[in-house]
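There are 2 protein chains.
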Amino acid sequence: MGTLTLNITMSLDGFVAGPDQTLAQPLGAGGERLHEWIYGLATWRERHGESGGETNADDAVLAESLAATGAVIMGRRMFSGGAGVWDNDANAGGWWGDEPPFGVPVFILTHHPREPVVFADGTTFNFVTDGIEAALEEARAAAEEKNVSIAGGASVAQQYLRAGLVDELDIHLAPVLLGGGVRLFDDLGDALPALEVMRVIESRAVTHIRYRVLR
Amino acid sequence: MGTLTLNITMSLDGFVAGPDQTLAQPLGAGGERLHEWIYGLATWRERHGESGGETNADDAVLAESLAATGAVIMGRRMFSGGAGVWDNDANAGGWWGDEPPFGVPVFILTHHPREPVVFADGTTFNFVTDGIEAALEEARAAAEEKNVSIAGGASVAQQYLRAGLVDELDIHLAPVLLGGGVRLFDDLGDALPALEVMRVIESRAVTHIRYRVLR
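Chains A and B, in that order, give the protein sequences.
Numbering (the numbering used here) for the first sequence: 1 to 215.
Numbering (the numbering used here) for the second sequence: 1001 to 1215.
I should point out that these hints are in silico values taken from the structure, not numbers from a laboratory.
Glycine included, every Cβ here is placed at the ideal spot set by N, Cα and C.
Careful: at least some of the hints might be erroneous.
[Said to hold, decoys possible] Coverage of chain B stretches by chain A, computed from C-beta distances (three or more under 8 Å per stretch; other residues unrestricted):
#, segment
1, 1002 to 1014
2, 1176 to 1189
3, 1203 to 1210
Can you make the complete structure from the sequences, with help from the hints?
Here it is, written out as structure tokens:
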């Protein structure tokens, strides 16, 4: 069985989205700066049907992560980018559009049942209404021997951390200060995991740090 | 002229001290875990008159930093560990005791004038009552060509960041979640600096990331 990995980009001041999240600005003010490291990478571009792009240390990290990941778990807001898109059946892929880049089954935590949505590249959007453990069980079955990746947002990450289910954190630490927004590690209460550094990969754009959760 | 470097250990969730700071617990609950990476190092032990210790990547970072630093700036609380110690003239070195480990002039921001305190190893404690720019000017003069290091706490760091005076951040990112306490990057308002990664040094104990402040 693969690991359950929280795989997320965080600002140096601890945010995974900026302040003032809206439908037009689902990552909050300045939040898109967190992800600037990824858009120009060859692997990212390939996933979006484009050629070219950077083949650097960041690209290797992304390619490795995608190859190791057999299923993805995300929250409803990360899927839909806001209630307005969610309610629009014409936009089956939510915020991710007609060609979502996952290539594996995605399990979306929601309170509203909905039929799965299947895309040509292997991405499927599956809507799970009976909680994080059920979603994990479905994701593990879909991933077979590969890892299950928690893509966000913070609330979903915190639910899995509080439940003690996360094996590893792949934190992509962006050299960005947002000054406000959604904190990754809020609301953990007494469920603060003990961590061990597994590896660090340096680049100019972002610092990739993998932590093991100690049990 | 050397750089003005914020040199500080921060938890992965952004804290430089834990919650519930008291005189008996000046780093707050769990705050001592931030600094575990340093106590066993050969360079740290040597500064405290002890032999032996680790000579690993962390030790090299510490030795390099000490060699490059010509003066240190810190806040009153970091100096004294609390008002009770500060008021006790018998304890001239504040929380740092009779043998503080700096070896260079230290400039302490305070509202209360006090005569300098001189130690045999080259550490001097100098009390600056006319603000951060005056303290920096004095520290730069004392440091000559070397760097001036802001050692903390968070409030002093934030004052220098807001004033746009910081050149580099040496963040020692501890694989620790504190869940509460004193955040390094709070209260920066609209003075959020743009950062660039200069270098990353990996170890099992802590991740050393140096950022340049872009102007």
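* Of all the hints given earlier, name the ones this structure violates by number, lowest first. => Per hint list: zero violations.
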